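> Residue-level listing of the chains:
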Amino acid sequence: MASTQQLAAVKGAKVLMVGAGGIGCELLKTLALSGFQDIHIIDLDTIEVSNLNRQFLFRKSHVGLSKAKVARDAVLEFRPHISITPYHANVKDPKFNVDFFKEFNVVLNGLDNLDARRHVNRLCLAADVPLIESGTTGFLGQVTVHVKGKTECYECQPKPAPKTYPVCTITSTPSKFVHCIVWAKELLFAKLFGDKNQDNDLNVRSADGASSSSSEDAVDVFERRNDEDIEQYGRRIYDHVFGYNIEKALSNEETWKNRTRPKPIYSKDILPDIRENGNSDKVVSDDPSSVSAMSSLGFKNPQDVWSLADNSKIFIEALKLFFLKREKEIGGLSFDKDDQLAVEFVTAAANIRASSFGIPVHSLFEAKGIAGNIIHAVATTNAIIAGLIVIEAIKVLQNDVAKYRMTYCLEHPSRKTLLMPVEPFEPNQSCYVCSNTPLTLEVNTSVTKLRDFVDKIVRAKLGMNLPLIMHGASLLYEFGDDLDEDMVANYEANLEKVLSELPSGITGGTTITVEDLQQELSCNINIKQREDFDEKEPDGMVLIGWTQAPPTEKENNGSAENGESNLTITEEVEVVAEEVVLDKKSSSVDDAAGVDPAAKKRKLSELSNLPISSSANEEKVILDDDDGDDVVVIHGGDIDTGKKKKLF
Amino acid sequence: MRLEMEDGDELTEQETALYDRQIRVWGADAQRRLSKAHVLVAGMKGTIAEFCKNVVLAGIGSLTLVDDREVTEESLNANFLIAPDEGGFVGRSVAEVCCDSLKHFNPMVRVSVEKGEISTFDENFYSKFDFIVVTGVSLKEKRLINEKCRKLSKRVAFYSVECRDSCGEIFADLQNHTYAKKKLDETIDCQILYPSYEEAIAVPWRTLPKRTAKLYFAMRVIEKFEELDERGPGGISLSDLPEVLKLRNQLCQMQSVNESLVPDSLLERLIAGSLEFPPVCAILGGILGQEVIKAISGKGEPLKNFFLFDAMDGKGIIENISNHDADS
Chain H
47 MASTQQLAAV KGAKVLMVGA GGIGCELLKT LALSGFQDIH IIDLDTIEVS
97 NLNRQFLFRK SHVGLSKAKV ARDAVLEFRP HISITPYHAN VKDPKFNVDF
147 FKEFNVVLNG LDNLDARRHV NRLCLAADVP LIESGTTGFL GQVTVHVKGK
197 TECYECQPKP APKTYPVCTI TSTPSKFVHC IVWAKELLFA KLFGDKNQDN
247 DLNVRSADGA SSSSSEDAVD VFERRNDEDI EQYGRRIYDH VFGYNIEKAL
297 SNEETWKNRT RPKPIYSKDI LPDIRENGNS DKVVSDDPSS VSAMSSLGFK
347 NPQDVWSLAD NSKIFIEALK LFFLKREKEI GGLSFDKDDQ LAVEFVTAAA
397 NIRASSFGIP VHSLFEAKGI AGNIIHAVAT TNAIIAGLIV IEAIKVLQND
447 VAKYRMTYCL EHPSRKTLLM PVEPFEPNQS CYVCSNTPLT LEVNTSVTKL
497 RDFVDKIVRA KLGMNLPLIM HGASLLYEFG DDLDEDMVAN YEANLEKVLS
547 ELPSGITGGT TITVEDLQQE LSCNINIKQR EDFDEKEPDG MVLIGWTQAP
597 PTEKENNGSA ENGESNLTIT EEVEVVAEEV VLDKKSSSVD DAAGVDPAAK
647 KRKLSELSNL PISSSANEEK VILDDDDGDD VVVIHGGDID TGKKKKLF
Chain U
18 MRLEMEDGDE LTEQETALYD RQIRVWGADA QRRLSKAHVL VAGMKGTIAE
68 FCKNVVLAGI GSLTLVDDRE VTEESLNANF LIAPDEGGFV GRSVAEVCCD
118 SLKHFNPMVR VSVEKGEIST FDENFYSKFD FIVVTGVSLK EKRLINEKCR
168 KLSKRVAFYS VECRDSCGEI FADLQNHTYA KKKLDETIDC QILYPSYEEA
218 IAVPWRTLPK RTAKLYFAMR VIEKFEELDE RGPGGISLSD LPEVLKLRNQ
268 LCQMQSVNES LVPDSLLERL IAGSLEFPPV CAILGGILGQ EVIKAISGKG
318 EPLKNFFLFD AMDGKGIIEN ISNHDADS
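Quick note, the sequences are listed as chains H and U, same order. So for the first sequence, the numbering used here puts the first residue at 47; every next one is plus one. So for the second sequence, the numbering used here puts the first residue at 18; every next one is plus one.
Please keep in mind that the hints were generated in silico from the structure rather than gathered at the bench. The structure displayed is predicted, hence computed values, not measured ones. Just so you know, not all the hints are guaranteed correct.
The calculated label-pair distances, taken between Cβ atoms and stated as ranges, are [what the hints assert, rightly or not]:
id, chain 1, residue 1, chain 2, residue 2, range
1, H, Gly344, U, Asp102, 47 to 53 Å
2, U, Thr195, H, His458, 45 to 51 Å
3, U, Asn340, H, Lys60, 49 to 55 Å
4, H, Gln51, U, Val274, 30 to 36 Å
To give a feel for the contact side, a few chain H residues facing chain U, derived at Cβ under 7 Å [stated by the list, open to error]:
id, residue
5, Thr76
6, Gln349
7, Val351
8, His422
9, Arg451
10, Pro459
11, Arg461
Virtual Cβ for every residue (Gly too), placed ideally from N, Cα, C.
Whenever a hint applies, use it, and build me the whole structure from the sequences.
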């Protein structure tokens with residue numbers, strides 16, 4: 047394979063790596079060993095202890111330092127004469143514009159979130175630079191090649207829909223442990239320790255349909271009264287959320303007709319002795335990060351599953367410790383998986399709620415994984431994928447189009463194959479990203495505000511960062527740093543208007559253009575007026591032509607009681623390799639693998655003329671996953687996502 | 018392959034923090050077993066370097082390296098454990114230099130060097146280990162080492178790995194291995210019996226399935242050539258091609274199979290490429306690492322018994338080369 051041609055292509059190549067984590071470390075090492083001499087690497091992260099089991103270029107002494115920089119230093123140790131340029135920055139930063147990307151012969155992604163991947167995809171298309179994508183989760187992995195005009199872009203194939211939970215499931219009718227985690231993390235923790243000005247759905251609807259307390263009352267209940275004894279306070283909160291709120295919920299007979307009734311739990315029954323717990327007064331260290339309810343109470347093993355009584359002790363102790371040792375932070379805390387006390391509190395709270403609803407409880411270790419969206423990861427899969435990436439990169443540098451492959455690293459061999467190469471597909475003609483196909487938006491233009499359109503469609507669905515919205519020659523909205531005050535005020539005003547009342551009114555039959563200049567992505571959206579939307583379409587808008595994978599589960603979990611709105615809590619699930627290997631509708635593989643050959647799309651080498659149409663599968667489906675193992679991210683953003691699948 | 022576990026062996030806080038992400042893959046129990054496993058490797062080339070990195074990061078009990086060769090320019094190929102250092106290597110072997118690097122990857126793993134030729138070590142020495150992994154050894158040595166493993170009353174698993182240019186092969190012999198397999202909601206115990214290397218390569222070619230990877234046969238031809246010609250592994254070069262093709266013809270005839278089973282072009286590639294290709298080292302080292310970890314944990318079906326990879330077609334295939342009556 048190492049012909050002189052190849053060596054020349056490799057030596058002269060300028061490569062951009064995005065991500066210096068699990069895949070990144072392995073990739074940088076293999077690129078250097080393979081003769082690459084000019085490598086640039088972008089990563090915004092710093093090194094954490096939990097990285098060290100696989101990101102082998104880092105040492106314990108590097109914790110806190112920039113991944114990109116340390117990776118570079120480590121590789122220069124064994125290949126001192128190559129050039130590695132690190133950027134400790136976010137790839138979405140405007141300085142990484144199309145001109146920046148144009149400098150490279152190939153871009154290699156080692157990212158862990160969909161958002162950044164989409165962004166890089168668009169920039170690579172705009173710059174016309176080949177992109178090699180990859181991902182791993184546990185023992186699964188994949189490498190895919192994307193060349194503009196020749197293969198699918200990263201967004202041609204539908205990515206799984208963000209998983210959403212109706213608010214009522216979280217606040218009133220949880221049926222799975224993950225619902226309890228979401229409740230504990232996004233509602234209770236946020237209410238007690240987070241920003242008090244944030245809306246919070248913690249209150250349960252009573253039988254008469256009205257909220258059980260006005261917003262003023264709600265603040266009262268959760269707020270610690272002046273000089274209130276901390277133990278008393280803890281128990282009061284405990285009793286309110288696990289006792290009183292449950293009783294209130296029970297009063298609504300309808301809800302429980304076909305469901306198991308939860309049991310109210312009161313602290314006096316579970317922990318009859320006050321002051322039964324810990325050494326919180328004796329905690330010697332004032333270092334906030336070492337404060338722990340587990341330590342204080344003598345619980346050692348995070349893998350243990352605690353009893354209801356123990357969970358209750360942890361709950362109260364954790365709450366106490368927040369107030370005694372970290373009072374200053376209260377009011378501004380958000381959940382962080384590396385915050386031991388927060389994890390303890392959320393675990394305990396989720397477990398007590400789970401006990402109440404007859405849902406199996408979990409260990410801190412498991413709860414942390416769910417609440418913190420932890421991706422399980424090992425070095426070996428990353429190493430294999432890195433090797434496969436470099437092999438593809440070399441083909442790309444030589445323009446060896448016929449040889450490009452998407453390669454899947456399977457957990458269990460399929461027809462004796464563990465590494466399965468598949469030919470890439472040609473671009474999806476309906477892909478709004480690479481094929482410029484217009485989309486259609488069904489919306490009630492006299493009800494929906496521009497703000498909702500921007501947040502829910504342009505940012506969330508279309509993945510644009512710095513959007514610009516135009517109707518004909520009229521600029522309705524733009525986002526950026528260098529806008530003058532008048533314009534900003536104008537845009538703010540526009541955001542509050544309903545679409546039909548905008549300066550150049552948007553009504554049925556009009557076409558608007560949304561753009562992101564950094565991503566060089568421009569999208570035309572045809573507006574279709576529609577009066578009514580049902581509960582499955584809580585946004586009140588339906589975007590058609592935007593390819594979205596059908597959800598893996600069909601079950602619809604309890605639509606809203608009392609007509610309340612469904613969604614404020616959403617989650618992004620990133621499936622790495624499974625989606626394509628298992629999703630037989632949209633992929634076809636070598637005969638050797640014996641998978642269903644009825645592919646809708648053409649491989650590069652095939653001659654058939656089947657047109658490709660995307661499914662208009664637009665409903666925001668409420669998924670109810672049976673296995674309870676899925677990892678949850680709340681409010682998307684840059685949080686790691688991953689679909690956890692137990693091997694054993 | 019069951020390692021003795023003492024009750025109450027908890028993971029330390031340090032281990033739990035470091036190994037968090039992988040414990041979520043294979044469980045705390047498997048992690049504990051890993052910490053009790055002892056691995057011996059011989060031949061510190063690129064693929065083995067990758068393997069060593071993987072098992073050290075995973076947290077095995079100990080890793081012992083065998084490779085007395087002097088460090089040369091060639092040693093640096095595909096091996097990220099050796100930093101170029103003019104004059105710094107005098108008096109130090111490849112194993113010693115690699116050992117120093119590996120120690121840093123995980124302070125909780127004991128990494129050490131054993132001097133000498135692995136095939137000369139006695140049974141007592143072999144029985145200190147649970148896994149023996151070799152590369153770059155001749156056919157004769159492979160057989161010998163494998164047999165020594167099999168003679169011991171303790172079950173010692175044997176693996177060999179070869180990377181020639183952009184192709185690679187892994188062989189596994191776990192003798193008699195019990196493991197837990199998850200089927201739907203329950204876990205069932207399974208057992209696999211493995212043939213020795215000698216037994217495996219003695220399986221007549223014509224009895225193997227038609228679509229068996231050609232790379233398997235090509236590797237056997239080259240291996241045989243090196244043995245007959247008394248070349249050290251890697252001593253072969255392009256000028257040997259005509260003789261190798263002749264040998265291929267002979268072997269195919271003896272095995273009553275068509276010569277097309279072992280294409281000229283494949284043999285040519287394997288002979289011409291004496292150096293390991295780094296991306297393939299990463300792939301082979303990764304698969305091998307995974308297999309050893311799986312075998313230690315006793316969970317999940319280990320590969321039986323050959324893994325073959327060719328970057329040219331990109332396929333990674335498992336071939337079961339054994340006599341059918343020997344199968345469990």
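> With respect to the beta-carbon atoms only, verify the hint that U/Asn340 and H/Lys60 lie 49 to 55 Å apart.
holds, 53 Å
> Can you tell me whether the CB distance of U/Thr195 to H/His458 sits inside 45 to 51 Å?
violated, 18 Å
> Should the hint that H/His422 touches chain U count as held when the rule is a Cβ pair under 7 Å?
holds, 3 Å
> Lying within 47 to 53 Å: is that true of the beta-carbon distance H/Gly344 to U/Asp102?
Holds, since H/Gly344 and U/Asp102 (Cβ atoms, about 51 Å apart) stay within the stated range.
> Once the shortest beta carbon distance from H/Arg461 to chain U is found, is it less than 7 Å?
Interface hint status for H/Arg461: violated (9 Å vs cutoff 7 Å).
> Does H/Pro459 hold up as a contact with chain U if the rule is Cβ-Cβ below 7 Å?
Nearest chain U Cβ about 5 Å off; hint holds.
> How about H/Thr76: closest beta carbon in chain U under 7 Å, or not?
Hint on H/Thr76: holds, closest Cβ of chain U at ~5 Å, below 7 Å.
> How does the Cβ-Cβ distance of H/Gln51 and U/Val274 compare with 30 to 36 Å: does it lie in that range?
holds, 34 Å
> Is the hint on H/Gln349 kept, meaning its closest Cβ partner in chain U is under 7 Å away?
holds, 6 Å
> Holds or violated: H/Val351 as interface residue toward chain U, Cβ cutoff 7 Å?
Hint on H/Val351: violated, closest Cβ of chain U at ~13 Å, above 7 Å.
> Under 7 Å is the threshold here; is the Cβ of H/Arg451 close enough to any Cβ of chain U for the hint to stand?
holds, 5 Å
Comparing the model with each numbered hint stated earlier shows that hints 2, 7 and 11 do not hold.
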